[in-house]
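J.: From just these sequences and the hints, can you work out the full model?
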Amino acid sequence: MVDVRDFHCDYENKWCPGCGNFPILEALKQGLADQRLVPEDVLMISGIGQAGKTPHFLKCNFFHGLHGRALPLATGAYAANSELPILVSMGDGDCYGEGGNHFMAAIRRNPDMTLLIHDNRVYGLTKGQPSPTSERGFVTKIQPMGVRSDPLNPAALALSQGAGFVARAYCGHKEQLAGLIGQAMDYRGVSVIDIMQVCVSYNTVNTYDWYKKRVYDINEQGHDTGDLSAAMALAFAGGDRIATGLFYKKDRASFADRVPGLAESPLAARSYDPARVQALLDQA
Amino acid sequence: MGIDVTVKIGGEAGQGIQTVGDLLARVCHGCGLYVLAVNDFESRIRGGHSFLQLRISDRPVAAPDHRVHLLVALSPRTLDMHLSELADDGLAIFDSQETGPGDNVVSIAVTDMARKAGGAIMANTVAAGACLALLGASGSLLEIVLKKQFQAKKAGVLENNLKAAQSGVEAVEGIDFAPAFAWPEKKPAGKLLSGAQILALGAVAADCRFAAFYPMSPATGIMAGLTGFEDRAPLVVEQAEDEIAAVNMVIGASFAGVRAMTATSGGGFALMAEGLGLAGITETPIVIVNSQRPGPATGLPTRTAQADLRFVLHAAQDEFPRFVLAPTSLDDGFETMGRAFALADKYQVPAIVLTDQYFNDSVNIAQKPLTVPESIDRHIVTDADMDDPKAYRRYEITDSGISPRAVPCAGQALVMVSGNEHQQDGHISETIPDRIGQVDKRFRKLAAMEKEMRSPRTDFPDSRVLLTGWGSAAGAIRESVEMLRAEGMDAGGVYFTDIWPFPQQAAEEILGRCERFYMVEQNVSAQLGGLIREKTGLKFYQAVLKYDGRPFFPFEIARRVKAAEEAIDG
Ligand SMILES: Cc1ncc(C[n+]2csc(CCOP(=O)(O)OP(=O)(O)O)c2C)c(N)n1
Ligand code: SF4
Ligand SMILES: [Mg+2]
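In order, the protein sequence lines correspond to chains B and X.
Here our numbering runs 41 ahead of the position in the first sequence, where the first position is 1.
Here our numbering runs 1044 ahead of the position in the second sequence, where the first position is 1.
Think of the hints as simulated: they come from the structure by calculation, not from any bench.
There could be a bad hint or two in this list.
Straight-line distance between alpha carbons at most 30 Å, and here's what the computed DSSO-like set of lysine-lysine pairs gives [unchecked claim]:
1. X:K1207 with X:K1191
2. X:K1434 with B:K55
3. B:K55 with X:K1485
4. B:K254 with B:K215
5. X:K1390 with X:K1495
6. X:K1390 with X:K1485
Taking CB as the label site, the calculated pair distances span [as the list claims (entries may be wrong)]:
7. B:S306 with X:K1160: 52 to 60 Å
8. B:G302 with X:R1121: 44 to 52 Å
9. B:V43 with X:R1501: 57 to 65 Å
Computed from a predicted structure; not experimentally measured.
C-beta atoms are modelled at their ideal positions from N, C-alpha and C, and glycine is treated no differently.
T.: Shown next, in the form of structure tokens:
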């Protein structure tokens, strides 16, 4: 039996006490254990930021790459071995800012991987600058008059670009998040989970209290996950209530399904066949 | 004297200049002749002025000739621009119904004849027929090539093209063309390929299984070549959303266990710089081809340069070991791709292959057989190679600096990789011993990497005067050395393929012996010359530099070296 403790890692954790990343990490371990995966079979790819550090605190294989570039890195690993269970851990700046183009491209390409965006609506690691999801008016040291731009809407963006698995979660609701991670891993294609994460050090607006008053689980209310307009409406809903849960799910051909032969045998698993390549050279 | 004839075909982009060149090149190749086709085109799809210069010879040729024997002008502008390049016994064919402006210009209503044969689109076939007839080839030669090309096409296409070719032949009947020659009936001397094609072949022969790219001239042809193999080899080629994605994908694919590459030009390479460093610190083997064009920024998109050497040597922040290789010929290009992948794997470092527009877009003959290795050594470890897989450390400190590389999810060993500085197991570390330990570990590889570097190729290395260059300029330098020697100068040539780690000892030995050496490079500051000075203390006497975006002509190198030598002697 796999146990959440199997994913425990001795490496010293470097997040601030009380950070919303801790419950996300716990939910992640739960989700992986529920999947009956062992650490040796899990690959996490991450970008740079507090969220990007996640794989250091989880027992697994990992590649902690560059700021904004986790998705192409993961896509390459997936192209080489499409059987790997891949999780991609990114911050909101990482995924929607520096890596925004890759986010859109990943949705189009649809490699089979689970995107975990730790959306704390701030740049944590670089000490409190606004992120693409910070509210207009969000005050920081370098925006003393408040952020001038409007925030990006992750769920709406993902839905509008045709993503086949779009969810929003809240770090404080671990059970729900663990369940969503499990469903996302079962889904064949890009699955997007925008996780509203509390940053106790640099975001004094979107606190645990702030979220607690607002979040509710749409999947407990009979939301139809096959209804794109309903999902869009949830993504755009303003006011004091914030919907969480699986917004939308639809089957799409994964990247591997689109490349002849790739779904049957991963590139990395194929044996070297000099005669075949020689024949190809002889035809040149 | 043997055969050495240059045909230049010029016109507007979209007129099928390339097709004429292609037909002629294939006819020559089929008879055992050597050819070099150089493309000169503007960055536009239609109109403007483009030309293709085809050099035909009975011995290998690796540089364009400045003298044109047969000029085919499909537009008036071609005639205006290039008539002065005609050799004394040269001839121009002008697509017109009026008589040409001089004795050496023959008007042929090429387009009109094509229309009569079935369509203006076959103007290039008419032109090819006329060219071959003037050059003394028998009509059957073109017929064979046309048959091969159009066999599979709709009924009538082949017939019309044969008719078009025949009208071209008839149009030049009775014209005396001195450079015509007796056509050999030999077997092809090798494979007729472009540089881009040979790089793609080299990659697939090296078992490259993943390639990602973002289109950029003149590198796109390499990816087009690779895509052509996707159905016959375990290979996926993916167009990335940008070059940053391309290089990161390649790193990810290599990390997960396959050989992977990308190809771009300087602008795209600039975007890849951070990724290059990621490959450096994570010790992930990757191959990047940078096919140079003049810059900075967009520069001259469709033209050639050798001005990114300093850039690729130092691109990305801080320092890490890398390989830089610049193939000097098609044969060398094939071999270099194989070496780039093998060296990258063996030392777990990025390898950069530097080519340029002239190298990629020119069509020449690869003379060596293209063969694949019997086996590929990936230098990858598995649980079976480890005493205790659970204790595996990706960045273990070793004497050689090379740590055992495992791939993720392949066994009990956890593979942990970080672009942050790390401790031996791959977790982030900011301690002084880890930092120094890892930097030193990475740099310990350099000694063995240096030993892998080959000496530059040479011609007459014991000469008084040596002409030194790198990459694709080698062909032109080599011929200029021949020219200088024919005039009695004690000259030799030195051509670097392996540039980094710099083959210091070999360079010192060769260049230290001559009286003086010249650098011949396609940049403004003699970048390799500077590197030679830095690494050996040896200073070049003068440099023959060209940065107009056009490839070297051997005669211009010879002329400039000769002038410099005469200034000394005089
Ligand atoms: C190319 C590059 N630019 C900037 C940085 C600096 N940087 C590191 S993390 C970060 C933003 C972190 O914010 P986010 O992605 O939201 O992650 P968080 O720390 O909030 O989890 C920035 C700007 C970097 N590492 N690399
Ligand atoms: S700065 Fe914010 S996001 Fe980063 S560890 Fe601290 S609380 Fe968490
Ligand atoms: Mg953030």
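J.: Now tell me, hint by hint, if it's right for this structure.
T.: Quick rundown of the hints versus the structure:
1. X:K1207 with X:K1191: With a Cα-Cα distance of about 12 Å, the restraint between K1207 of chain X and K1191 of chain X holds, given a limit of 30 Å.
2. X:K1434 with B:K55: holds, 24 Å
3. B:K55 with X:K1485: holds, 26 Å
4. B:K254 with B:K215: holds, 17 Å
5. X:K1390 with X:K1495: Answer holds: K1390 of chain X to K1495 of chain X is near 13 Å, not above 30 Å.
6. X:K1390 with X:K1485: Distance of about 15 Å is within 30 Å: holds.
7. B:S306 with X:K1160: 52 to 60 Å: holds, 56 Å
8. B:G302 with X:R1121: 44 to 52 Å: holds, 49 Å
9. B:V43 with X:R1501: 57 to 65 Å: Because 59 Å falls inside the window, the suggested range holds.
The structure agrees with every numbered hint stated previously.
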